[in-house]
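With these hints in hand, go ahead and build the complete structure from the sequences.
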Amino acid sequence: MKLWNGRKSMVCLLVLFISLLAAVTIAGQLYKTEALVTDFSRKNMPPCFSHPFGTDWMGRDMFARTLTGLSMSIRIGLLTAAVSTTFAFLLGLFAASMGKAADGLVVGLIDLVMGIPHILLLVLISFALGKGFKGVVVGISLTHWTSLARLIRGEVLQLKESQYIKIARKLGHGGFETALKHMTPHLIPQLLVGLVLLFPHAILHEASITFLGFGLSSEQPAIGVILSESMKYLAMGKWWLALFPGAFLVVVVLLFHLTGEMVGRLMDPGALHQ
Amino acid sequence: MRKYRWGIAAALVLSAVVMSGCGKADGKQTQAVSESGAADNIGKDDRVVVVMGVSSEPEAGFDPAYGWGAGEHVHEPLIQSTLTVTDKDLNIGYDLATDLKVSSDGLTWNVKIRDDVFFTDGKKLTGKDVAFTYNTLRDTSSVNDFTMLDRAEAVDDTTVVFHMKHPYSIWPYTMAVTGIVPEHAYGPDYGEHPIGSGRYILKQWDRGQQVILEANPDYYGEAPKMKRVTVLFMEEDGALAAVQSGQADIAYTAASYSDLTVPGYGLLDCKTVDNRGFNLPAIPSGSVSEEGVPLGNDFTSEVKVRRAINIGIDREEMINNVLNGYGSPAYSVCDKMPWYEPSAKTEYDPEGAKALLDEAGWKLGSDGIRVKDGKRAELKFLYPAGDSVRQALAADTINQLKELGIDGQMEGASWDTAYDRAYSQPLIWGWGAHTPMELYNIYHTMEETGLAAYSPYANQKLDQYMDEALAESDLEKSYELWKKAQWDGETGITQSGDIPWIWLVNIDHLYWVRDGLKVADQKLHPHGHGWSIVNNVDQWSWEP
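Here the protein sequences line up with chains A and B, keeping their order. Under UniProt numbering, the first sequence has 167 at position 167, and the numbering climbs by one with no breaks. Under UniProt numbering, the second sequence has 176 at position 176, and the numbering climbs by one with no breaks.
I should point out that these hints are in silico values taken from the structure, not numbers from a laboratory. Hints are supplied without guarantee of correctness; some may be wrong.
As the list claims (entries may be wrong) - With a cut-off of at most 20 Å between alpha-carbon atoms, the simulated EDC-like pairs for lysine to aspartate or glutamate come out as follows:
{"hint": "1", "chain 1": "A", "residue 1": "K232", "chain 2": "B", "residue 2": "D387"}
{"hint": "2", "chain 1": "A", "residue 1": "K134", "chain 2": "B", "residue 2": "D416"}
{"hint": "3", "chain 1": "A", "residue 1": "K232", "chain 2": "B", "residue 2": "D237"}
{"hint": "4", "chain 1": "A", "residue 1": "K238", "chain 2": "B", "residue 2": "D237"}
{"hint": "5", "chain 1": "B", "residue 1": "K304", "chain 2": "B", "residue 2": "E351"}
{"hint": "6", "chain 1": "A", "residue 1": "K8", "chain 2": "A", "residue 2": "E261"}
{"hint": "7", "chain 1": "A", "residue 1": "K8", "chain 2": "A", "residue 2": "D268"}
{"hint": "8", "chain 1": "A", "residue 1": "K43", "chain 2": "B", "residue 2": "E317"}
{"hint": "9", "chain 1": "B", "residue 1": "K165", "chain 2": "B", "residue 2": "D463"}
{"hint": "10", "chain 1": "B", "residue 1": "K402", "chain 2": "A", "residue 2": "E34"}
Shown next as structure tokens:
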């Protein structure tokens, strides 16, 4: 009976989730060209057997567009989350281990970035960089590192008080060396969980900034583009243009969120008691 | 259990609060609608509610100096009178003017005006007001070109003389959209409180929502049949909703909505010169403009390529594909205008197009795309981001060109970069105006660069014809010169000529019209799906 315990089923679910997300990413890549094909002989078709998500006003297959859009979102999410996490890690470490002045600087920076509404800062950065892929990636990367950096900083402050770190310092290891050698292994779980939990934010922000017209260019099959285009056609009863892409965006975000939670619980069971 | 009971009670209270909140909001909303005047205008036989797009709201108000009537999208100013009017076939008629004479050198226009016209504040409209208007517009207008005017001079109360810097034979077309403002009541806030002598008076303007016009009781012409015109500004989907709920009598709509049916409404299909087309840079790449913008395109610099593209596009199919049939093929920027050269019309000929490309040395490669000297035949079409019709036109063009062996991509661009990029790439443009000046703007070279304004191209013969046309003192004769500029038998901008621009379609302007409303005959609408529809709202009527 005990063979199939909670932890094991969680690992199974986790594997399932990750493979689902991987499948969407890869499938989106395979449908890349199909998503751009316009064919006016099949425009405005409701969902049917050959086009499960229907087609839009230029006869583009919405299934291919949705998958490609999600895949693009996931890849942008991966890139921005990785950049954000690295950023957060370095700054958190820097703040906590390099003395008072460094700490004040980083904490100030965190407050500054957190003080401005996310979406506003994102729009500003993206617009300043000429929108498009570059604008979105830089914008999201520069706005999403704050809470994780704060977490890392707190963690490092706590670690600094622990015996083995103190001993390492007494043995003459420098601040940076101790941080890298002795603290980092301890921080990896938090970082990993933080990375995964950044995904949903990054993806949603990518979609919303594109929806607002400050993100990816309108000929690209991004979820934000699809959704903003569909607005006009909703009034005409073409519900499939928004429903499937919207629902699948939510599903992907949920999957990432659950994955993050599970990774957190698997790696750090004690977190439950905090 | 006790705990749950409290929970339920709390939930009940909460939902009661929420519901009453909703109820209040609803009440407010209906009140707002009736206040806005939309509701109480419905069904009255001398009132009409018109819905236009949000971009049609004149940002700077109803001041001709800031684009009211005489802006990028020309229309009759309604509130003000104009010297001339254009009729259904775009020929010139008189409004304030009673006589119009131009000197043989084209430099002096002598205009007699009516003696019986009063502004709505009771003061008489005289030649001084006319001269004041034109001199003011020459100095301040940011949207319309008055640079050819040296000065306007009021000789007496009923005579105005325009002194021109250079001949400008199509001056009467400028007169037809320039509203005359009163010298005594013109100031910085004129746009918000306009006083004119036109058919209507501005009664109320709620920014972002609506404009209410009322008939001018002292109008010198035929009294308007519609006494009150309410214009609401809405997005396309809002306009549809307004029609579906019966709040509007006439509302603009797009071709993509045309397969819907709205009970109690019919679809009005207005023909237009609101055309869409793309430029093909006619010089090879390699040079840059003074600002460092790259000019030219190697593929489209070959005239045979441009000709092949022109006859390789099936415009009828495009109209069905993109516009649901609501459009007409475009062969020039001025189709059906008096200055249109009919030989611009071409027949769809894919075989001919392929032959032309073969002739030009572009041979089919293994992937179905033509190549020449190791270069692929490919084009990247730009379209203004957010314009779904132009995007679809770009997509259909690309599909059709692929049949000829030309590869294409498209990209949405914003206007802050689109103008520059169009110097080396095709861009889907929209044009169409009630003046031949548009030909000049697109095809005539500019002094500074020696190239045309929007897409690199130059033809001295063409420049010469257009300069002559502007210098011609007889308007009718100038039409012939405008036509010659398009094709004179040897050179021009048509298929047999240089064809630096490809014209695709004229987009019909569509409106939902309440059954029983008789919308008077429309002249061909220019570019801009806005105020043109109410040019003759004074002649509309309700069927009993």
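The hints, checked one at a time:
{"no.": "1", "hint": "A:K232 with B:D387", "in the structure": "holds (12 Å)"}
{"no.": "2", "hint": "A:K134 with B:D416", "in the structure": "holds (18 Å)"}
{"no.": "3", "hint": "A:K232 with B:D237", "in the structure": "holds (6 Å)"}
{"no.": "4", "hint": "A:K238 with B:D237", "in the structure": "holds (13 Å)"}
{"no.": "5", "hint": "B:K304 with B:E351", "in the structure": "holds (14 Å)"}
{"no.": "6", "hint": "A:K8 with A:E261", "in the structure": "holds (15 Å)"}
{"no.": "7", "hint": "A:K8 with A:D268", "in the structure": "holds (15 Å)"}
{"no.": "8", "hint": "A:K43 with B:E317", "in the structure": "holds (14 Å)"}
{"no.": "9", "hint": "B:K165 with B:D463", "in the structure": "holds (18 Å)"}
{"no.": "10", "hint": "B:K402 with A:E34", "in the structure": "holds (16 Å)"}
Consistency with the previously given hints is maintained throughout, with no hint failing.
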